[in-house]
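Visitor: In case you want the letters, here they are:
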Amino acid sequence: MIPLNWYLILSAVLFLLGVLGFFVKRNIIGLLLSVEIMLNAVNLTFVAFSSKNGQISGQVFVFFVLVVAAAEAAVGLALVIAMFRNRETLNVDRSNLLKW
Amino acid sequence: MIEAIFFLFAALAVGAAINVLVQKHVLYSALSLIVLLVSMSGLFILLEADFLAVINVIVYAGAIMVLFVFVIMLLNLPADEDGADRLRWLKFLGIPMALFLLFMILATLWNVGSETLVERQTAGTPEAIGRSLFTDYLLPFEVTSLLILIALMGAVVFAKKEL
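Protein chains in written order, with my numbering: chain A, 228 to 327; chain B, 3 to 165.
So here's chain B without its partners, still in its complex pose (with noise of 0.2 Å):
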């Protein structure tokens, strides 16, 4: 039964990710992106990652590809024209490329772990994520809200009438 929901939610992802690449308007591959995000949070609560679950969703399924949609609204851009590219060569290289780090990264993991996840005593409660947020990790969350600030700063400055 859970292999079952593992493989529902391992193919809705893959098939989200390929729908990303194969998509030519932009704004059909970031709402595809959003399938998914929404997947992967499938996946995070079968490892018992509530918490990041629930995060996963708002934050990035609801706050950040809904900038990247509004952006792309925004902009109001044409689906994808071919005949512009010099570099399309690339492509065909690109993937041969793709599909050797592919071989790499498999045959390393191949060997990692066969063992079954075991039932463990420290879920991914939002109280255990805090307790450990706000004590072995308060100095990097606190240097978190100054790249959020830099990166808001950032933002304004780049998105300026005149550059």
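If we strip away everything but chain A, and leave its shape as in the complex, we get (with noise of 0.2 Å):
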């Protein structure tokens, strides 16, 4: 059988292709999917313990993970389109009305 170990470095080497991801892109779209990568990394870790305890509470929380991330992905690209229509480009660094 495999050990725990493998799943939750798996999990963390993904969470970190994750979080560069977020610091590396620059298109708005680019760093909801790191946010998406992230979540992956984070149900992956979850099961992983749920497994390894004989728990069923970890896969629930997994349940919740997908709900919040449903909702993210929907609010997330409204104000994708809405900046799109206001700004005309998805470049982060070019929405800078707020800064000094």
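Don't read these hints as lab results, they were simulated from the structure. Keep in mind that the hints are not guaranteed to be accurate.
As the list claims (entries may be wrong) - In silico lysine to any residue, SDA-like type, Cα no more than 25 Å apart, as pairs:
{"hint": "1", "chain 1": "B", "residue 1": "162", "chain 2": "B", "residue 2": "148"}
{"hint": "2", "chain 1": "B", "residue 1": "162", "chain 2": "A", "residue 2": "251"}
{"hint": "3", "chain 1": "B", "residue 1": "162", "chain 2": "B", "residue 2": "65"}
{"hint": "4", "chain 1": "B", "residue 1": "26", "chain 2": "A", "residue 2": "232"}
{"hint": "5", "chain 1": "B", "residue 1": "26", "chain 2": "A", "residue 2": "276"}
{"hint": "6", "chain 1": "B", "residue 1": "163", "chain 2": "A", "residue 2": "298"}
{"hint": "7", "chain 1": "B", "residue 1": "26", "chain 2": "A", "residue 2": "313"}
{"hint": "8", "chain 1": "B", "residue 1": "163", "chain 2": "A", "residue 2": "312"}
{"hint": "9", "chain 1": "B", "residue 1": "162", "chain 2": "B", "residue 2": "37"}
{"hint": "10", "chain 1": "B", "residue 1": "163", "chain 2": "B", "residue 2": "77"}
{"hint": "11", "chain 1": "B", "residue 1": "162", "chain 2": "B", "residue 2": "29"}
{"hint": "12", "chain 1": "B", "residue 1": "163", "chain 2": "B", "residue 2": "72"}
{"hint": "13", "chain 1": "B", "residue 1": "26", "chain 2": "A", "residue 2": "322"}
{"hint": "14", "chain 1": "B", "residue 1": "26", "chain 2": "B", "residue 2": "101"}
{"hint": "15", "chain 1": "B", "residue 1": "26", "chain 2": "B", "residue 2": "110"}
{"hint": "16", "chain 1": "B", "residue 1": "162", "chain 2": "B", "residue 2": "78"}
{"hint": "17", "chain 1": "B", "residue 1": "162", "chain 2": "A", "residue 2": "302"}
{"hint": "18", "chain 1": "B", "residue 1": "162", "chain 2": "B", "residue 2": "69"}
{"hint": "19", "chain 1": "B", "residue 1": "26", "chain 2": "B", "residue 2": "63"}
{"hint": "20", "chain 1": "B", "residue 1": "162", "chain 2": "A", "residue 2": "313"}
{"hint": "21", "chain 1": "B", "residue 1": "162", "chain 2": "A", "residue 2": "309"}
{"hint": "22", "chain 1": "B", "residue 1": "26", "chain 2": "B", "residue 2": "64"}
{"hint": "23", "chain 1": "B", "residue 1": "163", "chain 2": "A", "residue 2": "322"}
{"hint": "24", "chain 1": "B", "residue 1": "162", "chain 2": "A", "residue 2": "314"}
{"hint": "25", "chain 1": "B", "residue 1": "163", "chain 2": "A", "residue 2": "319"}
{"hint": "26", "chain 1": "B", "residue 1": "26", "chain 2": "B", "residue 2": "77"}
{"hint": "27", "chain 1": "B", "residue 1": "162", "chain 2": "A", "residue 2": "325"}
{"hint": "28", "chain 1": "B", "residue 1": "163", "chain 2": "A", "residue 2": "318"}
{"hint": "29", "chain 1": "B", "residue 1": "26", "chain 2": "A", "residue 2": "230"}
{"hint": "30", "chain 1": "B", "residue 1": "163", "chain 2": "B", "residue 2": "78"}
{"hint": "31", "chain 1": "B", "residue 1": "26", "chain 2": "A", "residue 2": "262"}
{"hint": "32", "chain 1": "B", "residue 1": "163", "chain 2": "B", "residue 2": "68"}
{"hint": "33", "chain 1": "B", "residue 1": "26", "chain 2": "A", "residue 2": "251"}
{"hint": "34", "chain 1": "B", "residue 1": "163", "chain 2": "A", "residue 2": "250"}
{"hint": "35", "chain 1": "B", "residue 1": "162", "chain 2": "A", "residue 2": "297"}
{"hint": "36", "chain 1": "B", "residue 1": "26", "chain 2": "B", "residue 2": "37"}
{"hint": "37", "chain 1": "B", "residue 1": "162", "chain 2": "B", "residue 2": "68"}
{"hint": "38", "chain 1": "B", "residue 1": "163", "chain 2": "A", "residue 2": "314"}
{"hint": "39", "chain 1": "B", "residue 1": "162", "chain 2": "B", "residue 2": "72"}
Two independent chains are provided; combine them into the complex using the hints.
Guide: Given below as structure tokens:
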């Protein structure tokens, strides 16, 4: 069988790729996709610990994470559309009206 | 054998995540994220979370990612232009910071659990998850519906013509 460590390390690597994407990407949809990667990495950790402890609670939490991800995607993409209508760009560096 | 399947899905997931980062056009990033989600479902099946594996494909890869691809195609975006970034140096600051975070997480995880996963009684069947969801987690489940309603209204308000 597979050690728990492997799942945790895979999850950490995926989470870090999401963080790196959040730093590196400048397209706002790219940032949302990076957030999705991070959420999936955390989901994997939840399921791995649920499997290790023999409890179902971790999987129920993944269910809730899924719901929050759906809500986040809906609102985030609506904001993306609003931003594109007003600014004609999706580059986060260009949306700097509130900057001094 | 199980290890080979694990490594297959792990390599697929990491490769897809890297591909999400390096693609210039965001549509290819979104399609690569679908590969990541499917391989994540494979890992869930290895962990005996059957219901979540199916839900992950149907809801995440089937609904949320279709929403992403729909918006990307609706806006008809060009590929990322490089020259416009005033904060391009942040990119080179981000990589060492992410590596540092990875180092810290791995240093913690190294000691967590090297024991192998045992065969357990409570597999993640729909029955087990539904039972838990409608007894122990009934209130969060109901609050979730409120959250979705608010997100629905917020999305409609934000995407209106005049904002």
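Visitor: Indicate, hint by hint, whether the structure satisfies it.
Guide: A quick look at each hint next to the structure:
For the given pair, residue 162 (chain B) sits about 22 Å from residue 148 (chain B) by alpha-carbon distance, which is consistent with the 25 Å threshold. Our distance criterion of 25 Å between C-alpha atoms is broken by residue 162 (chain B) and residue 251 (chain A), whose separation comes to about 30 Å. Between the alpha carbons of residue 162 (chain B) and residue 65 (chain B) the distance comes to roughly 22 Å, so the proposed pair stays at or under 25 Å and holds. About 33 Å separates the Cα atoms of residue 26 (chain B) and residue 232 (chain A), which puts this hinted pair outside 25 Å; it is violated.
Between residue 26 (chain B) and residue 276 (chain A), the direct Cα distance comes to roughly 36 Å. Violation of the 25 Å bound is thereby established for this hinted pair. For the suggested pair residue 163 (chain B) and residue 298 (chain A), the alpha carbons sit about 21 Å apart, so the restraint of at most 25 Å is met. Between residue 26 (chain B) and residue 313 (chain A), the direct Cα distance comes to roughly 23 Å. Compliance with the 25 Å bound is thereby established for this hinted pair. About 8 Å separates the Cα atoms of residue 163 (chain B) and residue 312 (chain A), which keeps this hinted pair within 25 Å; it holds.
With a C-alpha separation of about 32 Å, the suggested pair residue 162 (chain B) and residue 37 (chain B) falls outside the 25 Å cut-off, and the hint is violated. For the proposed pair residue 163 (chain B) and residue 77 (chain B), the alpha carbon gap of about 14 Å is at most 25 Å, so the pair holds. Only pairs whose Cα atoms come within 25 Å are accepted, and residue 162 (chain B) paired with residue 29 (chain B) is accepted, the gap being roughly 24 Å. Note on residue 163 (chain B) and residue 72 (chain B): the hinted pairing holds, with a Cα-Cα distance of about 18 Å set against a maximum of 25 Å.
Distance hint between residue 26 (chain B) and residue 322 (chain A) is fulfilled; the C-alpha atoms sit about 20 Å from each other, no more than 25 Å. Between residue 26 (chain B) and residue 101 (chain B) the alpha-carbon distance is near 22 Å, which keeps this suggested pair within the 25 Å criterion. For the given pair, residue 26 (chain B) sits about 34 Å from residue 110 (chain B) by alpha-carbon distance, which is inconsistent with the 25 Å threshold. Restraint check for residue 162 (chain B) and residue 78 (chain B): the C-alpha separation of about 18 Å stays at or below 25 Å, so the hint holds.
A threshold of 25 Å between alpha carbons decides the hint, and for residue 162 (chain B) with residue 302 (chain A) the separation of about 12 Å falls inside it, so the pair holds. Simply put, residue 162 (chain B) and residue 69 (chain B) have alpha-carbon atoms about 17 Å apart, close enough for the 25 Å limit, and the pair holds. For the hint linking residue 26 (chain B) to residue 63 (chain B), the alpha-carbon distance of about 21 Å falls within 25 Å, and the restraint holds. Note on residue 162 (chain B) and residue 313 (chain A): the hinted pairing holds, with a Cα-Cα distance of about 12 Å set against a maximum of 25 Å.
Pair hint residue 162 (chain B) plus residue 309 (chain A) holds up; C-alpha atoms about 8 Å apart against a cutoff of 25 Å. As the CA atoms of residue 26 (chain B) and residue 64 (chain B) are separated by approximately 23 Å, the hinted pair is consistent with the 25 Å bound. With a CA separation close to 19 Å, the supplied pair residue 163 (chain B) and residue 322 (chain A) stays within the 25 Å bound. As the CA atoms of residue 162 (chain B) and residue 314 (chain A) are separated by approximately 15 Å, the hinted pair is consistent with the 25 Å bound.
For the proposed pair residue 163 (chain B) and residue 319 (chain A), the alpha carbon gap of about 21 Å is at most 25 Å, so the pair holds. Restraint check: the Cα-Cα separation between residue 26 (chain B) and residue 77 (chain B) comes to about 16 Å, which is no more than 25 Å; the hinted pair holds. With a C-alpha separation of about 22 Å, the suggested pairing of residue 162 (chain B) with residue 325 (chain A) holds against the 25 Å cut-off. Taking the CA atoms of residue 163 (chain B) and residue 318 (chain A), the gap is near 21 Å; set against the 25 Å cutoff, the hint holds.
Of the supplied pair hints, the one linking residue 26 (chain B) and residue 230 (chain A) is violated, its CA atoms being roughly 36 Å apart against a limit of 25 Å. At roughly 18 Å between alpha-carbon atoms, residue 163 (chain B) and residue 78 (chain B) fall within 25 Å of each other, so this suggested pair holds. The suggested pairing of residue 26 (chain B) with residue 262 (chain A) holds, with an alpha-carbon distance near 18 Å, which does not exceed 25 Å. With a C-alpha separation of about 22 Å, the suggested pairing of residue 163 (chain B) with residue 68 (chain B) holds against the 25 Å cut-off.
Taken as a hint, the residue 26 (chain B) and residue 251 (chain A) pair is honoured in the structure, with Cα atoms around 12 Å apart against an allowance of 25 Å. For the hint pairing residue 163 (chain B) with residue 250 (chain A), the CA-to-CA distance comes to about 31 Å; that exceeds 25 Å, so the pair is violated. Under the criterion of a C-alpha separation no larger than 25 Å, the hint pairing residue 162 (chain B) with residue 297 (chain A) is consistent with the structure, at around 20 Å. Among the hinted pairs, residue 26 (chain B) with residue 37 (chain B) is consistent with the structure: their alpha-carbon atoms are about 17 Å apart, no more than 25 Å.
At most 25 Å may separate the alpha-carbon atoms for a hinted pair to count; residue 162 (chain B) and residue 68 (chain B) meet this at roughly 20 Å. Simply put, residue 163 (chain B) and residue 314 (chain A) have alpha-carbon atoms about 14 Å apart, close enough for the 25 Å limit, and the pair holds. With a C-alpha separation of about 17 Å, the suggested pair residue 162 (chain B) and residue 72 (chain B) falls inside the 25 Å cut-off, and the hint holds.
Consistency with the previously given hints fails for numbers 2, 4, 5, 9, 15, 29, 34, ordered from lowest to highest.
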